[in-house]
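Visitor: Okay, here's what each chain looks like letter by letter:
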Amino acid sequence: MNLESLRDKLGYQGALLAVAALITTAALAVASRATGPAIAAAEAHDLQQSLSQVLPGSFDNDLLKDTVLLPGPDGEVTVYRARRAGKVEAVVFQVVGKGYAGRIVCMMGVDKDGHVLGVRVIKHAETPGLGDKIEPAKADWIHAFEGKFLGDPPAEKFAVKKDGGVFDQFAGATITPRAVVKAVKGGLEFFSHEKARLLDEAAASTMAIRGD
Amino acid sequence: MTYTRITRDGLWDNNVVFAQMLALCPLLAVTGSATNGLGMGLATTAVLIGSNMLISALRHFISAEVRIPVYIVFIATLVTLVDMSLNAWAHDLYKVLGLFIALIVVNCAILGRAEAFASKNAVLSSAIDGLMMGLGFTFALVLLGSVREILGSGTLFAQAHLLLGESFAFLETTLIPNYKGYLLMILPPGGFLALGFLLAGKRVLDRRLAERTAAINAAPVSA
Numbered sequence: 001m002n003l004e005s006l007r008d009k010l011g012y013q014g015a016l017l018a019v020a021a022l023i024t025t026a027a028l029a030v031a032s033r034a035t036g037p038a039i040a041a042a043e044a045h046d047l048q049q050s051l052s053q054v055l056p057g058s059f060d061n062d063l064l065k066d067t068v069l070l071p072g073p074d075g076e077v078t079v080y081r082a083r084r085a086g087k088v089e090a091v092v093f094q095v096v097g098k099g100y101a102g103r104i105v106c107m108m109g110v111d112k113d114g115h116v117l118g119v120r121v122i123k124h125a126e127t128p129g130l131g132d133k134i135e136p137a138k139a140d141w142i143h144a145f146e147g148k149f150l151g152d153p154p155a156e157k158f159a160v161k162k163d164g165g166v167f168d169q170f171a172g173a174t175i176t177p178r179a180v181v182k183a184v185k186g187g188l189e190f191f192s193h194e195k196a197r198l199l200d201e202a203a204a205s206t207m208a209i210r211g212d
Numbered sequence: 001m002t003y004t005r006i007t008r009d010g011l012w013d014n015n016v017v018f019a020q021m022l023a024l025c026p027l028l029a030v031t032g033s034a035t036n037g038l039g040m041g042l043a044t045t046a047v048l049i050g051s052n053m054l055i056s057a058l059r060h061f062i063s064a065e066v067r068i069p070v071y072i073v074f075i076a077t078l079v080t081l082v083d084m085s086l087n088a089w090a091h092d093l094y095k096v097l098g099l100f101i102a103l104i105v106v107n108c109a110i111l112g113r114a115e116a117f118a119s120k121n122a123v124l125s126s127a128i129d130g131l132m133m134g135l136g137f138t139f140a141l142v143l144l145g146s147v148r149e150i151l152g153s154g155t156l157f158a159q160a161h162l163l164l165g166e167s168f169a170f171l172e173t174t175l176i177p178n179y180k181g182y183l184l185m186i187l188p189p190g191g192f193l194a195l196g197f198l199l200a201g202k203r204v205l206d207r208r209l210a211e212r213t214a215a216i217n218a219a220p221v222s223a
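Same order as they appear, the protein sequences are chains A and B.
Just so you know, the working numbering puts 28 at position 28 of the first sequence, and the rest follows in order with no gaps.
Just so you know, the working numbering puts 50 at position 50 of the second sequence, and the rest follows in order with no gaps.
Wrong hints could be hidden among the right ones.
[Unchecked claim] Interface residues of chain A toward chain B, partial, derived using beta-carbon atoms under 7 angstroms:
hint : residue
1    : LEU17
2    : ALA31
3    : GLN48
Don't read these hints as lab results, they were simulated from the structure.
All C-beta atoms, glycine included, are put in the ideal place defined by N, C-alpha and C.
Bound-form chain B, shown alone (with noise of 0.2 angstroms):
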């Protein structure tokens, strides 16, 4: 498997929430804004590189009757450690994001990529399919509580300071001033909502691009 493949199915042709429809548990509970959401992905995309090469490195050695408990035990003790030192060296960045790293343990897109790359794939493939996996994830993330933030609450990476430090405060943006906000969006059904609109934007999308190539191939023929 070339590296360009796996940044295509990382990012986009298997994105974890757009086309594997994984981990909609921490999406739809975090993504109520845009901050939020790339908090999230950061972190989930730490841990999943961090996964998918430990368990890489050790595949010769986990027989296929007991992985799952064994991956889930690795993976459970690699957020558990992420967690305890975010906390103890980074602890104002443990303030903004320490809700969202339990949420990380029950993220099935980490045991999954485990299961279907990391278990047969070489030490660096999995760590850049964690790369990217986690890179499309953060996307689908930040895209989400975008729209959510927008129509919700009327701004945009709002308090990105608290997350990324004072040289970020130009991203939050008022983009609705004096907007009463749209509670809905905010709340859960409005992650549903949200998210059906985007997954049926990437479908209409896919499904363009894969009209063009074939005209693309077609016009040869009848020229």
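Just chain A, same shape as in the assembly (with noise of 0.2 angstroms):
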């Protein structure tokens, strides 16, 4: 029996699906396997290199392994410490705004005191040309954060210009900006609702403190 008479039987039909899907499946499995450990170790790298830009100064700890899982404003917030010599000097951790086009994830360093350190979006799906100043390869604005607190400016002014705060909108683009500003302001209460837990001495340890 030779290949073109086989070809129209219909059991070779769902033998070459199957046979396809398996092959496909092997390839992808090894694939996963092969790629699963240098794809882990370059994004561990991506989330470092994100903690060092929002995160001046040496630390003596390694920050990807001193967290501490808390419950955030949206969901819970896993929280990377920055220790000198065993005391925590500052915190970095998520916050969540809501964009013009879905979500917009930064990374903010907090120092003990409660003073922005750096503020980097690393996730936005804003409209180019507009809303993507947030980025700071396009625009300084989200420098415009570093060393901010609650209290300079006070609560109420911590919005943008148009709402009457003291942060910069971008021309034809006012709910980009308004959304990190929001999203830092949280960040910023979130901390000093947590600060006791987030700098706490005792918790040294690298186990998730679960919130009640």
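Now that you have both chains on their own, put them together as the hints suggest.
Guide: Structure follows, in structure tokens:
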């Protein structure tokens, strides 16, 4: 029996599909195993980089291993703690704003006195050319947060200028900066609310503390 | 089919975008800038060459009745493999291209070439067809991306160094300084408008060429 006549049989169709699915699944499984560690390492490197961008200065612990899990404004927040000689000097955590086109995920660093060390947008889908000025590569806007804390500006002024606050909005895009400002403000409120637990000396372990 | 014919077809006569009008979804989604267009074009070309070769090599085993699901499984696997390997071993490039790679699966041009060419031709011709169709697609993406980027934000190849490395930073030019930007061109409607004008332009160009060829062919008779 040759291939030509075999190809027209009903059973051949099912067998062909099965073999195709088997081969491709096997290829994907092998590739997933081969690339898994490298992908995890690259993602850890990315995280490390985004942490160091919002955390100027040097610290003597491994931030990625010194984390606590706390209930935040939108779900649980992983907080990375930077220490010098065993004492927590600053913390880094993620805040999420509701932008014009979905979630704006930011990483923010706050020192032990509640001052913003830096904010970086790590994921967004805002309009290119308008809303994307929140990226440091496109504009300096995001640096306006550095050194700010709840009190400077006062809570009611922690908003974009259009809403009576101190932060600039962009021409043609107010929703995006408003979302980022609101997220940062929420982050600072989270910090002051959880300050005791974030800086808690007793909780120096890497164990996650569950919120109540 | 000669290689010259395949090349001409891919780059111009049967161009994925300008003639077949396929792959408009990724086309309109990523051509807000020339750099994005280039990235998407190169990634698509790589997948297209791979899928054409694979399907051509297996063309005698694939029966006509179930060919479409088999092609789709192969293409999706290939795209996922490219996605994973870039993520693992070229992570910086992946951060720029990652968004586009998943979009390649839904690119009907790839299934189109598998069906129309690779399933009937030898492996080498299919590889060349994949390369040329991919380059034609890249050309269309970069052209449309350039038009939209110039009109929309006054720059050309902005952020090219993220895609091609620092040595290509010279490509980044600001054509219109202090340009306020024309938002419509960057948003999807601007993509449709620009594509419409480009298609019209190609029609005019093709007609002019045809008239000239006709005139040359007619000349000896009248002389």
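Visitor: Now tell me if each hint is right for this structure.
Guide: Hints, verified against the model:
Taking 7 angstroms as the C-beta cut-off, the interface hint given for LEU17 (chain A) holds, the closest approach to chain B being about 6 angstroms. Against a cut-off of 7 angstroms between C-beta atoms, the interface hint on ALA31 (chain A) holds, since the closest Cβ of chain B lies about 5 angstroms away. The restraint placing GLN48 (chain A) at the interface with chain B is violated, with a minimum CB-CB distance near 13 angstroms, outside the 7 angstroms limit.
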